[in-house]
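Participant: Since the structure of chain V is already known, use the hints to place chain Y with the ligands on it.
Residue numbers (numbering that gives the first Met the number 0), protein chains in the order written: chain V, 0 to 242; chain Y, 0 to 245.
None of these hints come from the bench; they were simulated from the model. Nothing here was measured: the structure is a model prediction, and the numbers come from that model. Where a beta carbon is used, it is the ideal one built from N, C-alpha and C, also for glycine.
Using C-beta positions, here's what the derived DEER-type ranges look like:
(1) 226/V / 242/Y: 40 to 48 Å
(2) 74/V / 188/Y: 54 to 62 Å
(3) 213/V / 177/Y: 49 to 57 Å
(4) 213/V / 168/Y: 45 to 53 Å
(5) 16/Y / 62/V: 32 to 40 Å
(6) 114/Y / 220/V: 28 to 36 Å
(7) 49/V / 168/Y: 31 to 39 Å
(8) 220/V / 241/Y: 52 to 60 Å
(9) 48/V / 115/Y: 29 to 37 Å
(10) 220/V / 244/Y: 56 to 64 Å
(11) 244/Y / 58/V: 53 to 61 Å
(12) 38/Y / 154/V: 37 to 45 Å
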Amino acid sequence: MSFDIILSILKENWPSYLQGAYITLLIAVFSTIIGALIGLLIGVVHTIPLRKKSFKAVILKIINFILTVYVEIFRGTPMIVQAMVVFYGLYAYGIEMDRFVAAVVVVGLNTGAYMAEYVRGGIVSIDKGQYEAAAAIGMGHFQTMVHVILPQVFRNILPATGNQLIMNIKDSAVLSVISVTELFFTTKSIAGANFRFAESFIITCFIYLIMTFIASRILRVIEKKMDGQDAYQVQTKKEEPIL
Amino acid sequence: MMEKVIDIKHLNKSFGSHEVLRDVNFTVNKGEVVCLIGSSGSGKSTLLRCINLLETPSGGEIIYNGENILDDKHDIKQYRTHLGMVFQQFNLFNNHNVLKNCVVGQQKVLKRSKEEAKANALKYLQIVGMDQYVNAKPRQLSGGQKQRVAIARALAMDPEVMLFDEPTSALDPEMVGEVLKVMRQLADEGHTMLIVTHEMEFAREVSDRVVFMDKGVIVEEGTPEQVLVNPKQERTKEFLKRTLKQ
Ligand SMILES: Nc1ncnc2c1ncn2[C@@H]1O[C@H](COP(=O)(O)OP(=O)(O)OP(=O)(O)O)[C@@H](O)[C@H]1O
Ligand SMILES: [Mg+2]
Numbered sequence: 000m001s002f003d004i005i006l007s008i009l010k011e012n013w014p015s016y017l018q019g020a021y022i023t024l025l026i027a028v029f030s031t032i033i034g035a036l037i038g039l040l041i042g043v044v045h046t047i048p049l050r051k052k053s054f055k056a057v058i059l060k061i062i063n064f065i066l067t068v069y070v071e072i073f074r075g076t077p078m079i080v081q082a083m084v085v086f087y088g089l090y091a092y093g094i095e096m097d098r099f100v101a102a103v104v105v106v107g108l109n110t111g112a113y114m115a116e117y118v119r120g121g122i123v124s125i126d127k128g129q130y131e132a133a134a135a136i137g138m139g140h141f142q143t144m145v146h147v148i149l150p151q152v153f154r155n156i157l158p159a160t161g162n163q164l165i166m167n168i169k170d171s172a173v174l175s176v177i178s179v180t181e182l183f184f185t186t187k188s189i190a191g192a193n194f195r196f197a198e199s200f201i202i203t204c205f206i207y208l209i210m211t212f213i214a215s216r217i218l219r220v221i222e223k224k225m226d227g228q229d230a231y232q233v234q235t236k237k238e239e240p241i242l
Numbered sequence: 000m001m002e003k004v005i006d007i008k009h010l011n012k013s014f015g016s017h018e019v020l021r022d023v024n025f026t027v028n029k030g031e032v033v034c035l036i037g038s039s040g041s042g043k044s045t046l047l048r049c050i051n052l053l054e055t056p057s058g059g060e061i062i063y064n065g066e067n068i069l070d071d072k073h074d075i076k077q078y079r080t081h082l083g084m085v086f087q088q089f090n091l092f093n094n095h096n097v098l099k100n101c102v103v104g105q106q107k108v109l110k111r112s113k114e115e116a117k118a119n120a121l122k123y124l125q126i127v128g129m130d131q132y133v134n135a136k137p138r139q140l141s142g143g144q145k146q147r148v149a150i151a152r153a154l155a156m157d158p159e160v161m162l163f164d165e166p167t168s169a170l171d172p173e174m175v176g177e178v179l180k181v182m183r184q185l186a187d188e189g190h191t192m193l194i195v196t197h198e199m200e201f202a203r204e205v206s207d208r209v210v211f212m213d214k215g216v217i218v219e220e221g222t223p224e225q226v227l228v229n230p231k232q233e234r235t236k237e238f239l240k241r242t243l244k245q
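If we strip away everything but chain V, and leave its shape as in the complex, we get (with noise of 0.2 Å):
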């Protein structure tokens, strides 16, 4: 192993690990949204206050069975196996899908079971008092969600938010099995063909590296932004107020 055949791996093969890392990245990124999305959504339906035995009420616990099937089994068992099932799955009934497509839907619904767990503690941490107060000035479940709650919620869950997309990054490499051109899969295929493995996968590593380290500075720089000033202003007369 030198230093020699790696820089030559490189320069034969840049444009390839660029484009393996781009797709490792696309998924991670849309995979990421899509599960926090799906984790908000989970999150903000189990905690719908049920009100007494209604129609409403027994709708909400079937959707609620539902979920909680889902994440189980998501949370269950490794995604390279959901990977298949999915992908071949659909195949055996004759649905093609786009493997890129395949690839960020397992993840999404991967990440998206993880998410649930956090929004759920993230919105049953928050003060009694909030909802009380929210309630008081005659906002409903919703408007409560939207204005009050999500807002302070979607803070907590930043980190962990962050935990994920970082996760999916190197996990997405398991999507190699269902052939999805992504970094691990490109490399791969370089290596196959010039038989210099451990050079082949060293780049690859450091480039894995390079993409959760910036990942998780982008993530840093968000949540100092969220926390907003550590002062405030006080007004005088001539200001305008900032709502």
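Facilitator: Here is chain Y with the ligands on its own, set in the frame of chain V:
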């Protein structure tokens, strides 16, 4: 004949087997300032919370402007906009700054325009002396400042009745007088107020009527003179003796 705004009839509230309110009957008339006193755990907060349905009563009726709001058909959200609630723990919206706290309900619930809501919020923030802090987040304020914003937030909805659950117990001593002034001003303007308080001096000064509760029942009610100076019931006398000693 006085116009009844809130008329409570045979109200009961239990938490499991624990009866917290038992056959409570009382009325708040338009323009009246009523103070609710009683020892800790007597059910004052529970009664206030039943009135705006933060707790669901176990039985009885709550008549608001002639309608029983415990009817299934009644629009609870709409009803609550007529009641301004000030909590013991402030409960400001942590994600919003001071101004937004006073604006969000007006805009989203009352559907007021942004400008109208802002002007109204600033009016009340000025009354409570917090208009200079419009940009501050709740976590950046002291307890006293938070409570004043909370009062402005409730007032900004222009409710028909203001409910206060010990509004001054968290305020700095020098703020109490200022808040009382605001509340008197509101009373003069015809606002109807129901105030739970542990401060007897305050109750005597501002209320038209004082209601004394003990163990979930109303023991005595009347003018501040009648209840606080010349109480008839033994339990009231005992309570006052205990409180005044402190
Ligand atoms: N959510 C609840 N579940 C069970 N019991 C409750 C609940 N809320 C209140 N209680 C009980 O109801 C009783 C009355 O409580 P409440 O808070 O109304 O008293 P209070 O008169 O406001 O007292 P304080 O002056 O200390 O605020 C207490 O014994 C309390 O433990
Ligand atoms: Mg209380």
